[in-house]
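J.: In case you want the letters, here they are:
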Amino acid sequence: MSLKIVVLAKQVPDTRNVGPDAMTPEGTVNRSALPAIFNPEDLNALEQALRLKDQFPGSTVHVLTMGPGRAAEVIREAMYRGADGGYLLTDRAFAGADTLATSYALATAIKHVCPNVDLIIGGRQAIDGDTAQVGPQVAEKLGLNQITYVEEVKEVSPLPTSSRGGVSSPLGGNDGGLRITATRHIDGGVETVESPLPCVLTVNGSAAPCRPRNVKLVMKYKRALAPMELASGTSYEELPYADQYGKKAYLKIGQLTTADVNADLNQCGLAGSPTKVKAVENIVFKAKESKVLTGSDNDINELVKELLASHTIG
Amino acid sequence: MTRQNILLPPPGEGMGRGREYAMNYYKDFPEIQFELENSPLMQRIVELKERDFADKDQYDDAPQDFADAMDSYDKVLDIVGDITGNVIAPNAEAVDAEGPHCEGGRVCYAEKTYENLAAMRQAGLNGVTMPRRYGGLNLPVTVYTAANELVSAADAGFENIWSLQDCIETLYCFGNEEQRKKYIPRVCAGETMSMDLTEPDAGSDLQSVMLKATYDEENDCWRLNGSKRFITNGDSDIHLVLARSEAGTRDGRGLSMFIYDKRDGGVDVRRIENKLGIHGSPTCELVYKNAKCELCGDRKLGLIKYVMSLMNGARLGIAAQSVGLSQTAYNEAIAYARDRKQFGKAIIEFPAVAEMISNIKAKLDAGRALLYQTARYVDIYKALEDIARERKLEPEERAELKKYSRLADAFTPLAKGMNSEYANQNCYDCIQVHGGSGFMLEYACQRIYRDARITSIYEGTTQLQTVAAIRYVTNGMYSQVIEEMLNEQQQCADLLVGENEGYLTRIKAMDEKFNACIATVKEAGNDELHDLCARHLYEMAGDVIMSLLLLQNAVKAPELFAKSLQVYVNLAEADVERHNSLIKRMTTENIENYRQA
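So the protein sequences, as listed, match chains E and L. The first sequence begins at 31 in my numbering and counts up one residue at a time. The second sequence begins at -14 in my numbering and counts up one residue at a time.
None of these hints come from the bench; they were simulated from the model. One should not assume that every hint holds.
[Claimed, not checked] Derived SDA-like pairs: lysine to any residue, alpha-carbon spacing no greater than 25 angstroms straight-line:
#1 Lys41/L to Lys184/E
#2 Lys250/E to Glu334/L
#3 Lys277/E to Pro116/L
#4 Lys282/E to Pro87/E
#5 Lys250/E to Asp63/L
#6 Lys250/E to Tyr119/L
#7 Lys246/E to Asn71/L
#8 Lys250/E to Asp37/L
#9 Lys12/L to Ser340/E
#10 Lys246/E to Ala103/L
#11 Lys252/E to Thr505/L
#12 Lys246/E to Glu22/L
#13 Lys282/E to Ala103/L
#14 Lys278/E to Asn71/L
#15 Lys12/L to Ala63/E
#16 Lys83/E to Asp45/L
#17 Lys252/E to Lys247/L
#18 Lys246/E to Thr199/L
#19 Lys184/E to Ala103/L
#20 Lys246/E to Ile442/L
#21 Lys250/E to Pro380/L
#22 Lys41/L to Ala63/E
#23 Lys252/E to Asn9/L
[To be verified] Rough simulated footprint, nothing fancy, chain L against chain E, three-plus residues with beta-carbon under 8 angstroms:
#24 235 to 243
#25 246 to 255
Cβ atoms here follow ideal geometry from the backbone N, Cα and C, with glycine treated the same way.
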């Protein structure tokens, strides 16, 4: 049994360490002031995919990301950890996409490059938008089941024969003959759920952290580049170690435009985005009241009680 | 009413946790990268290790040329720096507190040790120096040494467990092809190793090893019976064991080397020692009950050939471990001194504190320069030795092998002894910088102080490093190296502008004193006096050689080394004078006073 897995990943500005210049005066994110990183929960998603690949030899993991040329970095980072390759979805027509247009683009690309996908796994949400909408929308657009807030994939196993046939899916490499069991994070506990494959998972940040980069894979893939990353007008033949790109296909990272995936331009980018940002305001936190505490046992006990009551701790 | 701040530790942090300054133990300290990249020997090392890049079309991870190899080394160490900074260092305090325990004859590591091992295995950082055909990374010893230093800076106890992988080097050199194919891929996949040498009555004196190896005719294999003590990581997957195969013998010539595979069973852990430091590393007492094993190499060469090779590798490892500890001593000391305020200012602004920190840095940089110079010598001779297994060496290659093999033999005990003593001094000063807080079990400085203590003891005490090194003092080997280095510096005198020229003159004067002392001791012709003065001559050699190495570094990268050069040469000059004075006063006539009944 082998699985075809697509991991959805996004390159995001590192909003965890913001400085004073993190926002532009217009209220948008100042991307040049923040380092671009692999969206943290997408790394959790990648780890779940790689564990399945370890468990079922012959399985493949490909990363799909939408963004400018430099976003190919997340594909390389995933390859350094064990992904087989990836696709950079890049086109001016994709720019300005909200979650609806993004999920349209991703779903269209998956149908194009991996029509028999078994599992699509993404992070719960990206730290630049915090919407948690893209994964679920991709599932809807592909007509697939979805399991959100996943903590851990417990098992992939054959469906009992009795439940076969009831599954109809537009995609599916294993004839709908497999099911997945996963735990998902819910308020106050975890829930174990099961779904036939193919399906979409979104993985929570509380899931296992991603494995480190592997040194052999880094040495193997360090020169991998997407065409968009080359300086304009240059080709692979003009790069240092040009012969390597001819010999090793994996050094050329896949790249897709709207035309490559037959995307409907009206549903892409700004044109396909019903979300309009009216205004962005800075929020200034102001303390309403302040309290002075001493180091006495009584004061400390009172504070602990208060914090417990407000669920700040505990 | 006093106002009190309520300080909660950041999420996920326990109280009293060691401070974290660096998220990447490699990238944050540019001195390490400098040491890797700034030696003319590096090109030769890579050519030899890569056999002129013969693997480039066969293995996806093999480099295409020198620049490509250097780029890969940098990337590998970046990963080590990341894991050490973000996994191993944050785990160090918990591992130190929990330590391993023994259950049913097996070692259970501290919980976080398993996490550390998993991270290193997933990153593929095992079998680092082994050839690619066995699943290894084929990296030079110099790069492995850097990785070792980084792991030690994060957790010196874990460094023991991880770096015992270099026992495989001995199996690779002396085992047969069948053994190589059986064991090396397993080590590359993350299985651990140990070297079972010490016994209750055989510590420094390994000739007294009594563990019995007998040939089992019926099953056509060897069997081990007896016990071993103080075995680091003694419940490892693959052991190299020194045992007496020749019944009736009592010296080193009756000892052979054996491979014990834990999968075969027969060796149990009786107990784990309770130690002052390196708590994460289990030090075991082992019981061998008719344990099946394989002979490694030839009978009777166990101690005289194979253990010597094993120990040389291990000594370089301890030198790296010591440098890692010194780096952490520096990090902890400077961070505390910047932060701690007394008399209205940060204590780093007080010259008495600043001097301690400058001394730590100077000894760290000097010791590190010696460490990498040694590693490069080891690399060239090991690679040539390996090539000699494949084909006959050309005459010039044989000469090169001989030259670097001797240099490695001379420099290894110097690097191990000097760096382990420095690590102890630096960790002592690190606590001193912390004042009373350093004595509390609250800061990381107390852990590294305890961890550092073993470095000048195991794999041969400093006293034994002196024994190993002293012949290179008296036969003029160090003096010759020093002279060559002085000439080299003289030749590029145009680079030696201003101050650096002054350093060269001062180092020459130190060298003259060193040579005069050698002559004095030789002339006395008294063996006991020779042994008494050995440590002083040994340290003088270290002082002069490290001063020269730092001068070379400072000429190329003054922004990194100019301060350390100044501070170190000041220290070394005074130290040489101290030894000079002592040697003058230690004479055949007053030797009596250095004997205690």
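J.: Determine for every hint whether it applies to the structure shown.
T.: Verification of the hints:
{"no.": "1", "hint": "Lys41/L to Lys184/E", "result": "violated (40 angstroms)"}
{"no.": "2", "hint": "Lys250/E to Glu334/L", "result": "violated (49 angstroms)"}
{"no.": "3", "hint": "Lys277/E to Pro116/L", "result": "holds (23 angstroms)"}
{"no.": "4", "hint": "Lys282/E to Pro87/E", "result": "holds (24 angstroms)"}
{"no.": "5", "hint": "Lys250/E to Asp63/L", "result": "holds (15 angstroms)"}
{"no.": "6", "hint": "Lys250/E to Tyr119/L", "result": "holds (17 angstroms)"}
{"no.": "7", "hint": "Lys246/E to Asn71/L", "result": "holds (20 angstroms)"}
{"no.": "8", "hint": "Lys250/E to Asp37/L", "result": "holds (19 angstroms)"}
{"no.": "9", "hint": "Lys12/L to Ser340/E", "result": "violated (43 angstroms)"}
{"no.": "10", "hint": "Lys246/E to Ala103/L", "result": "holds (16 angstroms)"}
{"no.": "11", "hint": "Lys252/E to Thr505/L", "result": "violated (58 angstroms)"}
{"no.": "12", "hint": "Lys246/E to Glu22/L", "result": "holds (21 angstroms)"}
{"no.": "13", "hint": "Lys282/E to Ala103/L", "result": "violated (31 angstroms)"}
{"no.": "14", "hint": "Lys278/E to Asn71/L", "result": "violated (33 angstroms)"}
{"no.": "15", "hint": "Lys12/L to Ala63/E", "result": "holds (21 angstroms)"}
{"no.": "16", "hint": "Lys83/E to Asp45/L", "result": "holds (21 angstroms)"}
{"no.": "17", "hint": "Lys252/E to Lys247/L", "result": "violated (37 angstroms)"}
{"no.": "18", "hint": "Lys246/E to Thr199/L", "result": "violated (42 angstroms)"}
{"no.": "19", "hint": "Lys184/E to Ala103/L", "result": "holds (20 angstroms)"}
{"no.": "20", "hint": "Lys246/E to Ile442/L", "result": "violated (36 angstroms)"}
{"no.": "21", "hint": "Lys250/E to Pro380/L", "result": "violated (36 angstroms)"}
{"no.": "22", "hint": "Lys41/L to Ala63/E", "result": "violated (40 angstroms)"}
{"no.": "23", "hint": "Lys252/E to Asn9/L", "result": "holds (19 angstroms)"}
{"no.": "24", "hint": "235 to 243", "result": "holds (count 3)"}
{"no.": "25", "hint": "246 to 255", "result": "holds (count 6)"}
Going through the hint list in order, the structure does not satisfy hints 1, 2, 9, 11, 13, 14, 17, 18, 20, 21, 22.
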